[in-house]
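Could you build all of it, start to finish, from the sequences and the hints given here?
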Amino acid sequence: MRMRGVQCYKRETRPPPPMLIWAIFSGFTSFLAILVLGVISKYGAAIKDHNLPFAIAPIGASTVLVFGVPSSPLAQPRNVIVGHMIAAVTGSLMHQIFKHTSDSFGWMPGSLSVGISIGLMGLVNCYHPPAGATAFIAGFSTSDFARVGWWFPLYPVLAQVLILVALGVLFNNVARIYPVYWFTSAEFTHQVAPNRSPTKGSAEDEDSSDESMASDTGTPSSSGSARGIEQRINDMTSNEADAEWAWMPGPLATAPLSII
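Mapped onto our numbering, the consecutive letters of the sequence shown carry residue numbers 370 to 629.
Mixed in with the good hints there might be a few duds.
[Claimed, not checked] Ranges of calculated distance between the beta carbons of each label pair, as one might list FRET restraints:
# : residue 1 : residue 2 : range
1 : R516      : I393      : 34 to 44 angstroms
2 : G396      : A424      : 10 to 20 angstroms
3 : G484      : L401      : 30 to 40 angstroms
Note that these hints are calculated values from the structure, not bench results.
No residue lacks a Cβ here, since even glycine has one placed at the ideal position from N, Cα and C.
The following block contains the structure:
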């Protein structure tokens with residue numbers, strides 16, 4: 370249902386607003402998101418009663434991606450949530466393994482936490498740079514981690530990233546589309562390609578490529594549409610992607626933004 374809605378927005382695309390408007394909108398929505406987290410941290414009853422950490426530094430870095438470059442693959446919900454969870458679990462595990470070692474090995478858990486987390490994020494294709502700081506916090510047992518221990522992946526990390534993604538969906542869709550996809554970029558591919566006209570000669574190139582491949586391998590030639598779709602998306606520059614997706618009017622888009 371969500372992606373069908375995106376197709377409707379696709380027919381109403383407009384050029385991205387001036388850089389000043391982009392910056393103001395991104396800055397204001399980021400402010401609102403951190404404000405919500407700050408209010409929860411300040412007035413949450415359980416947080417106050419038990420002196421628990423809530424607002425951790427990596428979430429500030431994630432906010433830059435979610436509200437500054439919402440069309441980036443690094444800012445999509447799957448990358449934000451899975452990346453932070455991998456880092457938090459890995460950091461917690463490394464801390465527990467090395468917590469009884471001598472001080473001369475104090476550099477090991479943090480280093481391993483960050484390195485292993487990045488490797489695991491690569492294996493599942495869920496890179497999210499701010500998650501490196503999450504692994505660092507747990508691996509080096511900063512004060513935030515020390516107060517919650519093994520609960521660190523669930524609280525505060527999971528709680529905060531879910532709130533951040535929810536706020537990203539709420540605030541970004543006032544004037545642009547977020548997320549571009551929920552789980553995989555194949556959703557993006559499926560929606561963009563039918564509306565993008567192929568470049569000159571691309572259809573002929575795809576057909577000839579299919580025929581040559583069929584003759585070389587002895588297998589029947591395919592339609593080539595999937596390859597053509599992927600090629601057209603790969604040919605899109607980041608500016609084109611932002612122009613077509615990041616600032617497509619969302620369901621709550623208002624008139625003032627459309628006339629600036």
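Cross-check of the supplied hints:
no., hint, in the structure
1, R516 <-> I393: 34 to 44 angstroms, "holds (37 angstroms)"
2, G396 <-> A424: 10 to 20 angstroms, "holds (18 angstroms)"
3, G484 <-> L401: 30 to 40 angstroms, "holds (35 angstroms)"
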